[in-house]
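64 is the number that the numbering used here gives to position 64 of the sequence shown; each next residue is one higher, with no gaps.
Since the hints were made in silico from the structure, they are not lab data.
Where hints are given, some of them may not hold.
Dumping the calculated DSSO-like pairs for lysine-lysine here, alpha-carbon to alpha-carbon at most 30 Å [claimed, not checked]:
hint : residue 1 : residue 2
1    : K20       : K38
2    : K49       : K36
3    : K38       : K83
4    : K49       : K3
5    : K83       : K72
6    : K27       : K3
7    : K7        : K49
8    : K49       : K20
Note that the structure is a prediction, hence the values are computed from the model and not measured.
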Amino acid sequence: MHKEDLKREISTTIDQIDQKINEMKSKRDDIQSMTKEKYDETLKMLDEKKDDLQSNYREIESASGDKWREIKHSLESAKTSFKEGAEELASAF
Numbered sequence: 001m002h003k004e005d006l007k008r009e010i011s012t013t014i015d016q017i018d019q020k021i022n023e024m025k026s027k028r029d030d031i032q033s034m035t036k037e038k039y040d041e042t043l044k045m046l047d048e049k050k051d052d053l054q055s056n057y058r059e060i061e062s063a064s065g066d067k068w069r070e071i072k073h074s075l076e077s078a079k080t081s082f083k084e085g086a087e088e089l090a091s092a093f
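When you get a sec, could you build the whole thing from the sequences and use the hints?
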């Protein structure tokens with residue numbers, strides 16, 4: 001995968017993450033109060049994962065030469081981790 005392809009893929013993923021987090025935040029009032037604490041914890045974790053992904057994205061934007069390949073793995077790992085967390089939250093609520 002080329003640098004520009006990876007940047008496009010990560011940018012799209014960040015947009016999807018934002019949309020999913022906003023969707024989940026809007027549904028928060030519909031859940032029972034006992035589960036709100038767990039829901040809030042999970043949302044916080046997802047926000048942190050999104051921030052990590054955005055930070056890695058900024059690194060790849062400024063990376064020159066083969067440097068971007070060094071961070072490619074961490075970007076893909078962060079993306080996968082977020083998707084798993086979002087799916088877990090969606091299935092639990």
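Hint check:
1. K20 x K38: holds (17 Å)
2. K49 x K36: holds (20 Å)
3. K38 x K83: holds (18 Å)
4. K49 x K3: This hinted pair holds, its Cα atoms lying about 21 Å apart.
5. K83 x K72: Holds, at about 17 Å.
6. K27 x K3: violated (36 Å)
7. K7 x K49: Holds, at about 17 Å.
8. K49 x K20: Within the cut-off at roughly 13 Å; holds.
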